Amino acid sequence: MIPLTWFIGLGLILFMIGVAGVLLRKNIIIVLMSIELMLNSVNINLVAFSYYLDDIRGQIFAIFTITVAAAEVAVALGILIALVRNRRVLNSDDMDSLKG
Amino acid sequence: MIFSLLDVLALLPELILVAVACILLVLDPLIKKCSGLAGVISVVTIIAAAIATYCIASGDLAGGSFFADMHKIDLYSVFFKMIFYVATVLVMLMSFQYVKTKDINMSEYYILMLFSLTGMMILASAVDLLTIYVGLELMSIPVYVLAGFKQSSRKSNEGAMKYIILGAFSSGILLYGISFIYGLTGTTDLAGIAVALKDPVTSVPALSIAIVMLVAGFAFKIAGVPFHMWAPDAYEGAPTPITAFMSVGVKAASFAVMVRVFMVGLEPLYDQWVIILIVISVLSMGYGNLVAISQKSIKRMLAYSSIAHAGYALLGLIAGTAEGVSSVLFYMAVYAVMNIGAFAIIILLSVNGRIDQLDSYRGLGKTNKLVALLMMILLFSLAGIPPMAGFMGKFYVFKALLSQGMVPLAIFAVLMSSVAAYFYIRVIMVMYMKEPDGEFKMFKPACLYFVILLTVVVTIWHGVYPTLLIDLARLASSII
Chain A
1 MIPLTWFIGL GLILFMIGVA GVLLRKNIII VLMSIELMLN SVNINLVAFS YYLDDIRGQI
61 FAIFTITVAA AEVAVALGIL IALVRNRRVL NSDDMDSLKG
Chain B
1 MIFSLLDVLA LLPELILVAV ACILLVLDPL IKKCSGLAGV ISVVTIIAAA IATYCIASGD
61 LAGGSFFADM HKIDLYSVFF KMIFYVATVL VMLMSFQYVK TKDINMSEYY ILMLFSLTGM
121 MILASAVDLL TIYVGLELMS IPVYVLAGFK QSSRKSNEGA MKYIILGAFS SGILLYGISF
181 IYGLTGTTDL AGIAVALKDP VTSVPALSIA IVMLVAGFAF KIAGVPFHMW APDAYEGAPT
241 PITAFMSVGV KAASFAVMVR VFMVGLEPLY DQWVIILIVI SVLSMGYGNL VAISQKSIKR
301 MLAYSSIAHA GYALLGLIAG TAEGVSSVLF YMAVYAVMNI GAFAIIILLS VNGRIDQLDS
361 YRGLGKTNKL VALLMMILLF SLAGIPPMAG FMGKFYVFKA LLSQGMVPLA IFAVLMSSVA
421 AYFYIRVIMV MYMKEPDGEF KMFKPACLYF VILLTVVVTI WHGVYPTLLI DLARLASSII
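Line by line, the protein sequences give chains A and B. Read in our numbering, the first sequence has 44 at position 44, and its numbers run on one by one without any break. Read in our numbering, the second sequence has 407 at position 407, and its numbers run on one by one without any break.
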């Protein structure tokens, strides 16, 4: 049996990659992908804990996370399309009409 | 687990809202011709939901847990739900004229608000991390869309984009914290978590990391520094009624769930989370008030002031007593009313062709005496000057803090509210001391005037006679 720490380690690495992607990359599409990575690392955690605790809640939680993440990305892409239509930018550095 | 009819009955207010919202979505092509009909139906629906909530709260179901202990109906949740109903109805009344002038008059505007309201109500009742997460997202996702509702406006798009990216990022962080809480305690039920945390075996370093992540996730939603970056941009870009909705509804709902998570679930770890909250609160009060001074746009100024207000309300949670919780409830109710009033006046001027820059308020005291007077009352209340309700809100928070012996923190908060007085009173100065740059005609939408007068009356009423509301808040917080 694979020890629990391996799963948590994998989750941690994925989470770190996701956070780094959100903070460092400029392309909005890549940022959205990084957010997905963060949410999926959470799913790995939840399912791993659920398996080791022999408790079903974690797996149910993971299903909810997947569903909600899909809704969130759909809205994010919709807003992105409206933004690209108006401004032709896909780079977060160019979103500079609001500041102060 | 088998659900009984009682579970469904307990969820009646939420079901009413979701059902009407779905029906409106389907009927949208038919009612498109009568503009504003969707808004009227939404307002009536919310009133119906409020009556349903009242009936349930005064009936046999009060105090019970439903859906396998995930949804709780108690005075605490009812108190917050009433805040949400009032706030949403007022925001909808404010919107009728605004959406017509800005050419965003679509049924979806009201429908999305109904969905967001449902999310807030689920949050207020949630006693399980799963329902908390689902409620948080159901509240946030429609607001992301609403923030970018002016499709042709670059600012609106940009504000919404920043909002959703940071909002999704913060839910990722929150979820990561939740997954560790679940792994370490073996449950997602708040009461169960509290029981598990009392056992010293579970206090491992990973738990501290989980708490930091939970705090960070919630701080994003209430716009506490250093997790506030989205707030000024999203507030400025969004349609003004939605800005009011975000700064009042979303904030109050996030406080509702935050207080429950920390005071019920993580209560045994008070010593650990209180330090992080103190840092966030101090930074929010300091940064929010100081940066608000340099703002030229009134909307942006109110955005920074709402960051500062989050800092004040956090003080009640920091006190960590029932008195502190009741002061948070009182603060949120009062803040909701006065902030909506201030935004209603911004809308009143903007539907008359005024932009939301500070300069466009020049001489308002000479051309429109009544509007200027009402704005002054609301700004005094936001600044915390007696006898307005804002003063009583701050008073109870500071009192709760002092009774826990946190004197330096209270002194800092008082100092910061004197800084806040500067930028609120500057608006009043511009209104009364500067010469008007040309006559401006005001046409007067009745709904908007109703909202403004109501908020002003409530603001003064709760400032002079706060007993009623604070007693309710005490009753509601006694269950925590």
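What the hints contain is simulated information worked out from the structure, not anything from laboratory work. Just so you know, these numbers come straight off a predicted model, no measurement behind them. Built from N, CA and C at the ideal position, the CB exists for glycine as well. Treat the hints with caution; some may be incorrect.
[As the list claims (entries may be wrong)] Partial list, computed: chain B residues near chain A (C-beta under 8 angstroms): (1) C34; (2) G36; (3) G148; (4) N157; (5) M161; (6) K162; (7) I165; (8) F169; (9) I428; (10) V430; (11) Y432; (12) M433; (13) K434; (14) E435; (15) P436; (16) D437.
Close enough to count: is the Cβ of B/M161 nearer than 8 angstroms to one in chain A? holds (5 angstroms)
How about B/Y432: closest beta carbon in chain A under 8 angstroms, or not? Violated: closest Cβ of chain A sits about 26 angstroms from B/Y432, beyond 8 angstroms.
Going by Cβ atoms only, is B/P436 closer than 8 angstroms to chain A? violated (26 angstroms)
Interface hint for B/V430, Cβ within 8 angstroms of any Cβ on chain A: violated (18 angstroms)
Per-residue hint verdict: B/I165, partner chain A, C-beta under 8 angstroms: Holds: closest Cβ of chain A sits about 6 angstroms from B/I165, inside 8 angstroms.
Return the status of the interface hint for B/K434: holds when the least beta-carbon distance to chain A is below 8 angstroms, violated otherwise. For B/K434, the interface hint is violated, since the closest Cβ of chain A sits about 22 angstroms away, which is over 8 angstroms.
Hinted contact B/N157 with chain A - closest CB pair below 8 angstroms: Holds, about 4 angstroms.
Can we keep the B/C34 interface hint, with Cβ of chain A closer than 8 angstroms? violated (27 angstroms)
B/E435 as an interface hint toward chain A, with CB separation required under 8 angstroms: Hint on B/E435: violated, closest Cβ of chain A at ~27 angstroms, above 8 angstroms.
Checking hints one by one. Is B/D437 an interface residue toward chain A, by the C-beta closer than 8 angstroms rule? Result: violated, 23 angstroms to nearest chain A Cβ.
Answer holds if the nearest beta-carbon of chain A is closer than 8 angstroms to that of B/I428; otherwise answer violated. violated (22 angstroms)
Interface hint status, B/F169 versus chain A (Cβ within 8 angstroms): At about 5 angstroms, which falls below the 8 angstroms cut-off, the nearest Cβ of chain A leaves the hint on B/F169 intact, so it holds.
Hint compliance for this structure: hints 1, 2, 9, 10, 11, 12, 13, 14, 15 and 16 are broken, all remaining hints hold.
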